[in-house]
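Residue numbers (our numbering), protein chains in the order written: chain A, 262 to 534; chain B, 262 to 534; chain C, 262 to 534; chain D, 262 to 534; chain E, 262 to 534; chain F, 262 to 534.
Simulated from the structure, these hints should not be mistaken for lab results.
All the given hints hold, so there is nothing to weed out.
Copies of the same chain look alike in the list, so a pair counts if it fits in one copy or across any two.
The list that follows gives simulated cross-link-like pairs (lysine to any residue, SDA-like), each with its CA atoms no further than 25 angstroms apart: (1) K263 x D499; (2) K263 x H284; (3) K412 x G386; (4) K412 x L341; (5) K263 x V500; (6) K412 x R506; (7) K263 x P363; (8) K412 x E520; (9) K412 x P455; (10) K263 x R498; (11) K412 x D325; (12) K263 x E319; (13) K412 x G458; (14) K412 x A385; (15) K412 x A508; (16) K412 x H318; (17) K412 x T518; (18) K412 x A381; (19) K412 x E343; (20) K263 x R502; (21) K263 x V306; (22) K263 x R362; (23) K412 x H456; (24) K412 x C387; (25) K412 x V335; (26) K412 x S388.
On a predicted model such as this, the values are computed, not experimentally measured, just so you know.
6 protein chains.
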Amino acid sequence: MKRLLITGAGGGLGRMLRARLGHMAETLRLSDIAAMEPAGPDEEVVTCDLADAEAVHELVADCDGVVHLGGVSVEREYELIEAANLRGVYNLYEAARAHGRPRIVFASSNHVVGYHPQTARLDAGCSLRPDSLYGVSKAYGEAMASLYHDKFGQETAIVRIGSCTPEPVDWRMLSTWFSHDDFVSLIEAVFRAPHLGCPVVWGASANDAGWWDNAAAGYLGWQPRDNAAAHAARIHRDVPRPGPRAAVVRFQGGAFTDEPIHGSRAQNRKDKT
Amino acid sequence: MKRLLITGAGGGLGRMLRARLGHMAETLRLSDIAAMEPAGPDEEVVTCDLADAEAVHELVADCDGVVHLGGVSVEREYELIEAANLRGVYNLYEAARAHGRPRIVFASSNHVVGYHPQTARLDAGCSLRPDSLYGVSKAYGEAMASLYHDKFGQETAIVRIGSCTPEPVDWRMLSTWFSHDDFVSLIEAVFRAPHLGCPVVWGASANDAGWWDNAAAGYLGWQPRDNAAAHAARIHRDVPRPGPRAAVVRFQGGAFTDEPIHGSRAQNRKDKT
Amino acid sequence: MKRLLITGAGGGLGRMLRARLGHMAETLRLSDIAAMEPAGPDEEVVTCDLADAEAVHELVADCDGVVHLGGVSVEREYELIEAANLRGVYNLYEAARAHGRPRIVFASSNHVVGYHPQTARLDAGCSLRPDSLYGVSKAYGEAMASLYHDKFGQETAIVRIGSCTPEPVDWRMLSTWFSHDDFVSLIEAVFRAPHLGCPVVWGASANDAGWWDNAAAGYLGWQPRDNAAAHAARIHRDVPRPGPRAAVVRFQGGAFTDEPIHGSRAQNRKDKT
Amino acid sequence: MKRLLITGAGGGLGRMLRARLGHMAETLRLSDIAAMEPAGPDEEVVTCDLADAEAVHELVADCDGVVHLGGVSVEREYELIEAANLRGVYNLYEAARAHGRPRIVFASSNHVVGYHPQTARLDAGCSLRPDSLYGVSKAYGEAMASLYHDKFGQETAIVRIGSCTPEPVDWRMLSTWFSHDDFVSLIEAVFRAPHLGCPVVWGASANDAGWWDNAAAGYLGWQPRDNAAAHAARIHRDVPRPGPRAAVVRFQGGAFTDEPIHGSRAQNRKDKT
Amino acid sequence: MKRLLITGAGGGLGRMLRARLGHMAETLRLSDIAAMEPAGPDEEVVTCDLADAEAVHELVADCDGVVHLGGVSVEREYELIEAANLRGVYNLYEAARAHGRPRIVFASSNHVVGYHPQTARLDAGCSLRPDSLYGVSKAYGEAMASLYHDKFGQETAIVRIGSCTPEPVDWRMLSTWFSHDDFVSLIEAVFRAPHLGCPVVWGASANDAGWWDNAAAGYLGWQPRDNAAAHAARIHRDVPRPGPRAAVVRFQGGAFTDEPIHGSRAQNRKDKT
Amino acid sequence: MKRLLITGAGGGLGRMLRARLGHMAETLRLSDIAAMEPAGPDEEVVTCDLADAEAVHELVADCDGVVHLGGVSVEREYELIEAANLRGVYNLYEAARAHGRPRIVFASSNHVVGYHPQTARLDAGCSLRPDSLYGVSKAYGEAMASLYHDKFGQETAIVRIGSCTPEPVDWRMLSTWFSHDDFVSLIEAVFRAPHLGCPVVWGASANDAGWWDNAAAGYLGWQPRDNAAAHAARIHRDVPRPGPRAAVVRFQGGAFTDEPIHGSRAQNRKDKT
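Here chain A stands alone, though its shape is the one from the complex (with noise of 0.2 angstroms):
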């Protein structure tokens, strides 16, 4: 590719991209919000507000992949998840289309199935059960790759990331882990296939405590090779064991299926008593 853009690069996993994707591109194209650190050799970066649709329109331009990082990435008040995760979504689309539909790596979340309990096994056609209003905005946001993809050939991996860290480190991420490696080697995948179509892929690595089965975007050819059991004795040497009803242990969202919804009026009120 000529120009590679990697929208919340000033994030955790953003940054982590913007170090391991140089070689997918002659240049990256690194977007935020917040601050980043300057461009070194081969990037360009760009503060652009996803909720500004001119900015997302020139953001876009001349890129020949998009891997979408930005927005909210946990539960906040409604308002900024609607400025970010939806019409930051919406506008993306958009500027996409316009600019001849470089294809898309769209960072959704096991969020969009958190209530679905842990004994259960999903695979890509699962009923989504999302666990909050950021899980809201990535259905949101899935349901918006599938329209332009059917109406206008748009193509996206959907990638429901589950726990991408350097290591997993709580019993939970034993099934959600999702290395730095595999998560590149998924996206060195999407980006090559000769036909990617709109493919929901689950973003975890071969953990053998998956909850999760692949095999319907096994046509990529993507293969994790991490397992968060090579973790595990640490996980159970350390970390407390939680309780067997404990929402951590019982939902597939973990700890966002304990949350209130932020900001609320009901919690305002709560707070205020």
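Please build the complex by placing chains B, C, D, E and F on the supplied structure of chain A, with the hints as guidance.
Frame of chain A; chains B, C, D, E and F shown alone:
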């Protein structure tokens, strides 16, 4: 019920239901952003913008049930859909949560699955393939209903309305028609059920040529009684048969699948050319 | 048939069927552990404890068909269930094998799936979720029927009876009602079928609000004709609607899911406290 | 339609449809390899060997629709089946392609699934288990229809005909009967549908004891109206009930599963012994 | 754990696990109806008849986990199975309920599905087809585990053991072998899991020729490491290959499907002749 | 085995297997319609036209197993396919029946499912979508194998061969490659299995990018060992990546889906124009 709220009561479906649901509650509260007929006996008429959280909070107070028709119901510019169908739905669910979780009938749409071919038979667990920004907004609304059910126990009947008109008037409606009587009897069943949960219900009559399988919602005991086939001879005679490649006979969403994205930059530019 | 055996003929269902199945055989043999009405014309009355292998052996001799209603039909102490529903069923199948394998209607129960939620639609291949020791004993009986079919060719219709009463009398029965007429016509169909095999048949009328899909047994050509919905208005009017969290409207087994284990140590001790 | 071609018009089904389909086109073109009644008004009678590519090419010219009943319709020697059902079907599809792809009703057969047990319920996606060379030839024909649909857009209704007779006359037909009226109404529906595609349709009436699920073809809006159960009392009374191990009540293909391969060497040798 | 109970500790599997599970608890309590080796360090040896409710109540007291191997483990007379596998299992679950619900590993068996053909691939939701009274008793035990889970929250791992031997020794075991190491690692995983629920786990190693799909229990993070294929060359060389119609290669239950019902009247009479 | 027949032994696959299967039988009988290398030790070379029933009858005599590669293996004129792949397969099965039913490996093809999109994952029960007359002829062959299994107990392994070449050489083969070693080990497994039945086996190596699920044939204990991914770097580097709309990356059958019908009138006429 003491008070049943109908949002979008000034629209076509809203006016029909206003006239037909009086027996279900002591008082009908009727809201719309647009002008409505003045309140009759046992009616309250409230002008309300769904995007106004405070107004919606007041609107839902003291209601035992909600028929949520409000918002944009055809393809429109993103900004309109965001205000009414994204923010508006969030406001509604927050208001319901603050006011004791009155049961909700959520008017979703066949346009959440509009890109499925008409040769496909769909059940409640089918994947979504929205055909419009409108369809995406309804997918978002369904996700919101699911969230509030799993997190707070809020009950919603998600009704994917086909074509709710006095009579079927084209070839596609032989499959999608939802008679007024059948919609009314569905609403009655939803509010009568001792336990509702959060089911997806296909809003269609018992049409010989129907595409949708309502078995999963059978526990509600609702049985549509009308059948578009009773009107087939008239349509076959009076309405020209579409060609076999027309979108209106290939995709479940019909003409919506042929629509552009409204107000989009690409379109605007094309218009300017 | 020359001789049709009805076990449990002294119970409620047994008395009903005694009065309704006379046309199916030259002689009805009627058995129960309890007292029964004296034999009428073309009837034989036999007192028999199903736990007594020799007695059951004699009972089945010369019979061309069996309607097995005998045993405990509600939740009871384990010892009673063991004698009648575990040992008794073994005795029955051994006797049938010794006497030429007369076709059997086995009265199983909806309580083998009682912990499935009422929002679930079940077919013949669903997993079992018994709600009582009684339900466990019926799961055992179904397994025994399967064993004797696979090993010896014994044919059984496993009928998971819902609520077999003259009329539905509560909200749950709008889903589970099994009219007397429909039970009789099912028994006729079972004994008329040239090839029976070992099907699971949901014993329920054609209720609008039914939960169970009998498609897998469609080859029997049996069609229930009654529908609890014909009685819905009365029930809606006269029977208080249960709250949405009541076991009786959440689980298919209804009140059985709220029952303790009878005669259990834990319970006894609690009673003594 | 201007001209509807019926092949095999000299056979039993062909004569029936000749008498019943006159209203569907200005002209019926009727073909068979055997003698037929002379042409009546609005009829054309053509003797044609389906194995003759040139003749079939001429036959299909100027036709707007085809009801393809031609070929061998029972178990016969391989050579006969090859000529009529293998080569003949290829010739038909080539001719249709050369002449603008008139819609085709392809008379397939329940004998493509004849070795499925009668206790199985089959839908359009079931695996094939042919019971005869005839059944294999129909499996081939279905594959040919699929090929021409995918490659050229040729539309075909693949009708797996059960037992198309004036009335059901044996126990198996209580499940397989396809009334003349229902076949006619199906053909009407196929040619009326704006978009047909290439569906599998089970050619059977709405029999209480039916084995086949037509839900996947529901979009055609065809509803069979007859039911073999209306004739059940007569059959139960007049036709001896087959034993439970008879092929005619064990396998869906009935007596075909008991037939040898016609004209086979093995059989010939046995005959010579 | 402080104390882990192993029932059936005197049998073959029991002795193996006694030697292998010492690391899992401070104390192993070992019970059997038959004689056992005397207690070693950190062991308690208890003779206990599972049919004796009081004895079982005492047995389970103070245990934090149970590996329930006790009872009859091959086909036997009904009376023996009733006492140990029916009444005994009820006693065990009642005792567990009275003592705080220690987690249970329930040794079920492949013989609950023994009449499925070896060409079938089964998952945890497959239908049961027991091949023996023993198999029926294990189906009953699985139902009991389900009941106590749904009613009381008792957690059980239902392990359908294949062939747990030091090495595979016949052709069928190439599919069914369950190595001692893999059984031990499964027990470790069951007691380590923060949330267990009531899963069905196929007790088999990672055999190339396996029939059983453990995906539904993947959340446990258990991965068998052995593979009967490592022993295939020896078996192919040393063990005569069974004929294609032998029960031992047609049905998953192998030789059990060829066994009579033990002690049955029919058999006794045949013996006397 | 004493004698293993390989048909089509003069073709590419045939020559490879001739060199690799000598260990499986005392004698390899090698047949083709075309010239072959002269017989080596323990070989018999037979020229045979599969369309000649008598010749095929002689060919199969005294064989204990058959690897049927014979016939047309690419798209050709109908007449050639009819002779070799339709009549030839019938002749083969009749000959096998006359000679004691030697087990058959039937070389089917991925072209029976060639019009499925590459984004679909297929298992053994998927619907057929042939992409050529050749593919239709293989669908016919699979039906014939099924018939002879159900009617006569003839065992066949239906192997849907992907791309059996020394190495993968294009992008599509990253999904379809079937290494020579893996084909040989599959044939070994088929003839070693005590019970074969009539399974569909996808003939492909363990490719990271594979489309086909062989779980249903797992009971054979066959595990492919090669993986086209080992060759991916070379292909990515040396072979131009096809565009996203090319048939070769959209449909599983690849270039076959772009082929016309050979020798068809329509094509001939076009050629003449």
